[in-house]
Amino acid sequence: MIWVKLTFGGMGRRFVEAIAAIMILAATSATVAASLMVVEGARNALNRAIRQDRPDIIHVKSRFNRALFETPRSGNLPPLTIPVYEPLIDPADLEHAAGNNRVIRRQSLFRNVVSGDSFLNIYVFGIDPDLEREVSSFVLARGRFLRKDDRAVAVLDQASARALGVDIGGAFPIRKADGGDLELTVIGILDKLELRGAPPRSAEAPSLNPEATDVSSGAFVDIQTSEDIFGRPTLTDALVVARSMSAVPSLVAKLQEAFRLEPGVFVTERYSQYERKVRDFVLTLAVFTALSVATVLLAGTFAANLLHDIYVDRRRQYATLMALGCSPAMSIAPAVVFGLVLGAAGSAIGAFVAVLFVPRSFAIPSLMADLGTTQPALDLMVAGSIVAIGIVAVIVGLAPTGLRLLRQALATSLSEGRS
Amino acid sequence: MTQDPFVSVRGVSKTYRGERSTVGALRGVSFDIRKGEFVRISGPSGSGKTTLLNLIAGLDGPDQGDIVVAGTNIGRLSMTQASKYRAREVGVIFQSYNLIPQLTALENVLLPMIALGRANSDRARELLDVVGLADRSDHNPSQLSGGEQQRVAVARALANDPALVLADEPTGNLDDQSAESVMVMLTDAVRERGKTLLLVTHERDRVKAIDRSLELRSGVLSSYQIELPQEGVS
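Chains as they are written, first to last, in numbering that gives the first Met the number 0: chain A, 0 to 418; chain B, 0 to 233.
By construction, these hints were calculated from the structure, which means they are not laboratory data. Since the model is a prediction, treat every value here as computed from it, not as a measurement. Accuracy of the hints is not assured; some may be wrong.
Calculated Cβ distances over 12 angstroms to all of chain B for the following chain A residues [said to hold, decoys possible]:
id	residue
1	D92
2	D127
3	S135
4	F144
5	D180
6	Q223
7	V354
8	L404
Covered stretches of chain B (chain A as the covering partner; in silico rule of three or more C-beta atoms under 8 angstroms from a C-beta of chain A) [unchecked claim]:
id	region
9	58 to 66
10	113 to 127
11	181 to 189
Each residue gets a CB set at the ideal place from its N, CA and C atoms; glycine is no exception.
Whole structure, please, built from the sequences with the hints as guidance.
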């Protein structure tokens with residue numbers, strides 16, 4: 000009880016100043032917290048862009064064109080023309096242009112497959128299983144995924160498997176370019192599928208996500224099997240993963256140069272968009288950091304000054320404690336605890352206000368055009384900054400009193416303010 | 000047989016440097032005090048009495064010379080060591096009491112005990128009883144008269160049973176009646192406990208049973224003499 004009284008008692012007229020200091024710290028913390036929450040939201044948006052958009056990946060793809068598909072021999076239907084990627088990319092040229100960056104080859108085909116008395120459209124993707132899993136997401140429901148040495152086996156999504164009436168161990172025929180059929184044995188059923196740089200959905204086919212505009216289903220085979228089906232090694236598209244983000248522009252230039260004479264091959268990248276997002280983030284960071292710093296300097300200094308007045312008023316108390324035999328640490332402890340409680344109260348109120356009033360989504364189109372709408376977030380960095388403001392204000396407020404107590408003779412401190 | 004001095008002051012000088020001037024508060028002061036002695040320090044204002052007391056209490060450090068109390072050289076102690084020294088060896092009574100205003104009389108007396116980590120409310124109440132304030136233990140300093148506040152300060156100075164009690168003009172802020180009773184109470188309480196008392200005062204006649212009298216003039220020890228018993232001084 001004595002320590003509580005030593006810490007908080009006998010405030011007198013300084014009580015009002017203490018309340019004012021709490022309010023100013025709360026306002027400072029709220030402003031800084033809100034600003035930093037926006038910055039954190041922007042940072043999260045940027046990180047999400049890196050994670051989801053993968054600006055380090057360059058997509059090299061053939062033109063999307065109408066191709067002629069013959070109907071199965073057993074059917075009695077006219078041939079179909081359905082838009083697909085044309086296989087125009089020479090893998091050797093691509094590997095040469097990509098240099099030591101990783102190339103993920105793909106062949107995407109489209110086939111009519113006999114299923115019972117009818118036939119249906121199936122997307123067939125020839126992939127390099129190990130590399131493709133690094134950029135696309137495959138969640139297996141049953142069975143196993145493709146391996147590098149697999150031949151004439153396929154992994155299907157659940158919708159395609161259901162439509163084909165096959166399960167693990169079952170087989171279905173795929174018409175090859177030479178006119179013969181290749182029996183593909185099912186080894187795995189996919190529950191979910193997110194194919195990076197998936198082709199546009201151009202025809203009715205079984206789909207895991209009927210709303211999707213891109214292809215979200217199909218039969219996945221290893222690229223050697225798809226070359227057997229396609230009858231050629233040229234690729235419909237490929238992903239080139241740059242070794243570093245900064246290497247993307249030069250890599251894009253090399254790829255464009257390599258396929259300069261092939262008008263049907265396009266090189267697309269998300270790095271430029273990412274760069275614009277980075278620029279938006281830097282601007283957002285600068286604006287809100289400046290706002291935070293200005294607030295801390297103005298309001299924080301005012302709060303520290305109020306605390307300083309309170310401490311000066313109690314300097315003689317701390318000196319008396321030392322004169323009575325309390326250690327310097329013990330004597331100054333009430334001042335430190337008082338300041339920390341004050342700072343914590345201000346910070347907590349400020350954080351609460353910020354969390355309560357900061358909008359769930361935030362956007363300044365003129366500042367964050369490419370970054371778009373962000374979700375302000377209260378994380379450890381923001382919480383730490385708010386706590387730091389309180390602590391710094393207390394340190395600045397207490398430092399002159401503490402230093403004076405420690406540096407000047409105790410007798411002098413005891414005689415100060417004597418009436 | 001010569002008794003070792005309990006307090007030994009040797010060649011102590013202290014100068015205060017202001018922005019424009021330098022004041023020599025003490026100049027080469029030397030004297031000894033034996034254990035259990037009552038010593039009065041007197042002298043005109045500005046002669047260095049309070050400075051000397053502050054140096055012996057470890058509240059300030061000498062520029063030159065040594066102050067040894069119970070074998071400890073006070074001038075060489077760190078801040079923490081000086082605090083421990085004050086908690087264990089010294090009870091200081093200030094002219095302006097220096098009571099903590101938000102604490103009760105009892106809690107003020109408890110403070111030195113808390114500094115040593117052995118707070119004892121019963122002993123604090125006992126000491127308040129000795130100074131005649133048993134019934135005012137729950138009062139804050141603002142609810143006590145000047146004389147009563149100084150009595151609380153005396154009880155506080157005796158809280159840790161120190162061997163040396165330093166009193167800096169303890170009656171300086173009191174009216175005659177209160178000053179008389181506080182001085183009697185102080186000297187009786189200290190004498191009964193066999194403590195050494197170093198008392199700074201202007202009022203030569205108010206203090207009875209003084210063993211030695213020390214007079215400072217302009218920071219120099221002008222006389223240090225054994226007091227003879229005074230007749231008729233109450």
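Three or more residues of the region 113 to 127 of chain B near chain A by CB distance under 8 angstroms?
-> As far as the region 113 to 127 of chain B goes, the hint holds, because 3 residues have Cβ atoms under 8 angstroms from chain A.
Given as non-interface: A:Q223, which should sit over 12 angstroms from chain B by C-beta | 80 angstroms, holds
Three-residue Cβ test at 8 angstroms for the coverage of the region 181 to 189 of chain B by chain A | violated (count 0)
Is the nearest Cβ of chain B still more than 12 angstroms from the Cβ of A:V354?
-> Nearest chain B Cβ is 36 angstroms from A:V354, so the label holds.
Counting residues of the region 58 to 66 of chain B with a beta carbon closer than 8 angstroms to any beta carbon of chain A, are there 3 or more?
-> holds (count 3)
Looking at A:D180 again, its CB stays over 12 angstroms from all of chain B?
-> 93 angstroms, holds
With d taken as the least Cβ-Cβ distance between A:F144 and chain B, does d exceed 12 angstroms?
-> 69 angstroms, holds
Per the stated criterion, does the least C-beta distance between A:D92 and chain B lie above 12 angstroms, as a non-interface residue requires?
-> 78 angstroms, holds
Should the label of A:D127 as a non-interface residue stand, given a Cβ cut-off of 12 angstroms to chain B?
-> 71 angstroms, holds
Closest CB-CB distance from A:S135 to chain B, is it above 12 angstroms?
-> Fine: 66 angstroms to the nearest Cβ keeps A:S135 off the interface.
Hey, does A:L404 actually stay past 12 angstroms from chain B on C-beta?
-> 9 angstroms, violated
Hint violations for this structure: numbers 8 and 11, all remaining hints satisfied.
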